[in-house]
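Asks: Sequence:
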Amino acid sequence: MAPTLCDVGPRDGLQNEAETLEPTVHAGLVNRLAAAGLPRVEAVSFVRADRVPQMAGAEEVVAGIERRDGTEYSGLVLNEEGYARFATAGLDRVNATLGATEEFNRRNANASLAEAVDRVERILAAAEEPATVTISVAFGCPFEGRVDPARVSELAARFDTAEVVLADTIGVAAPSQVHDLVGRTQAVGFHGHNTRNTGYANALAALEVGASLLDASVGGLGGCPYAPRASGNIATEDLVYLLEHEGIETGVDLDELIRISQWLEGVLGRRLEGQLYRAGGFP
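Those letters in the sequence shown? Residues 1 to 283, per our numbering, in order.
No wet-lab data here; the hints were simulated from the structure.
Fair warning: there could be bad hints in the mix.
Claimed, not checked - Just the calculated beta-carbon pair ranges, DEER-fashion:
id : residue 1 : residue 2 : range
1  : 18        : 143       : 33 to 43 Å
2  : 275       : 50        : 12 to 22 Å
3  : 280       : 251       : 19 to 29 Å
4  : 92        : 118       : 22 to 32 Å
5  : 146       : 35        : 36 to 46 Å
6  : 275       : 84        : 32 to 42 Å
7  : 259       : 184       : 16 to 26 Å
8  : 280       : 146       : 36 to 46 Å
9  : 60        : 129       : 30 to 40 Å
10 : 270       : 144       : 27 to 37 Å
11 : 186       : 255       : 20 to 30 Å
12 : 212       : 255       : 17 to 27 Å
Being a predicted model, the structure only gives us computed values, none of them experimental.
Here a beta-carbon is modelled for each residue, glycine too, at the ideal position from N, C-alpha and C.
Make the full structure from the sequences, and use the hints.
Replies: Right under this line is the structure:
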């Protein structure tokens, strides 16, 4: 069965850009990705504009989305206030997130690890929509270093009413680590960054042990505002090329993804991190 690909570019990608796009342009990116056949698009995050100004106007972005059958639209929240905004906006899936370490939670969400867990559990209890829980820095933290796999396993087990995604937020994992931890936790999904050029191999490793959801970002946009040097999600078009050439059908229009990255290069005024949109596809 083909894995579900979630493009997180409109959220995790744009939040790391110096420029804040107008809501109409932001919504246009979501619409282009849906038109390319992405089964899931993470459109926005409902966070404080003074903390992440690139995500200001989330409700306006959602209002500009042209809903397409076959695409699920998700939004990220950090707390109950964010969930209230999400519920009013009317997206399809809520993504609640927390870090696997104390310090990352304090920097990212102004909470201890225990408080972050409680927040996520309250969001899940209130949510009427399908829910995802993303565990950030599951393989390594920029503030605390290596993360104990037992801690991640314990966290993942607490959220059995949601699909769990393990995030290599700063791009430090190797395929054997992804293979072991995804297998150990039975996580549904993997969110990889290509900071140290292991992201694509890690995505394949996650699939090998049963993951059915992969996050990626068009053009390789992304990073994390609270994780120093955490550049670059894996690029959606590069991942699609890899999967298709491995005989794994995705149902995504690769040529259209390339065009979206070329368009984004013009919008952002810089070369993107992805490789394929510059190299082109190959039969």
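Asks: Against each hint, give a clear statement of whether it holds in the structure.
Replies: Verification of the supplied hints:
1. Restraint check, residue 18 to residue 143: a C-beta distance of roughly 23 Å breaks the suggested window 33 to 43 Å.
2. Distance hint for residue 275 and residue 50: a CB-CB separation of about 35 Å, inconsistent with the stated range 12 to 22 Å.
3. Between residue 280 and residue 251 the CB atoms are about 21 Å apart, so this pair conforms to the stated range of 19 to 29 Å.
4. Range check, residue 92 to residue 118: about 25 Å between beta-carbon atoms, so the 22 to 32 Å window is met.
5. The hint said 36 to 46 Å for the Cβ distance between residue 146 and residue 35, and at roughly 41 Å that hint holds.
6. The supplied range of 32 to 42 Å is met by residue 275 and residue 84, whose beta-carbon atoms lie about 40 Å from each other.
7. The hinted window of 16 to 26 Å between residue 259 and residue 184 is violated, with their beta carbons roughly 39 Å apart.
8. A C-beta distance of roughly 39 Å is found between residue 280 and residue 146, which places it inside the suggested range of 36 to 46 Å.
9. Hint check: residue 60 to residue 129, Cβ distance near 20 Å, so the stated range 30 to 40 Å is violated.
10. A C-beta distance of roughly 32 Å is found between residue 270 and residue 144, which places it inside the suggested range of 27 to 37 Å.
11. Evaluation of the 20 to 30 Å hint for residue 186 and residue 255 yields a failure: the beta carbon distance comes to about 35 Å.
12. In this structure the hint that residue 212 and residue 255 lie 17 to 27 Å apart at CB holds, the actual value being about 25 Å.
Violated hints, listed in ascending order, are 1, 2, 7, 9, 11; each of the other numbered hints is respected by the structure.
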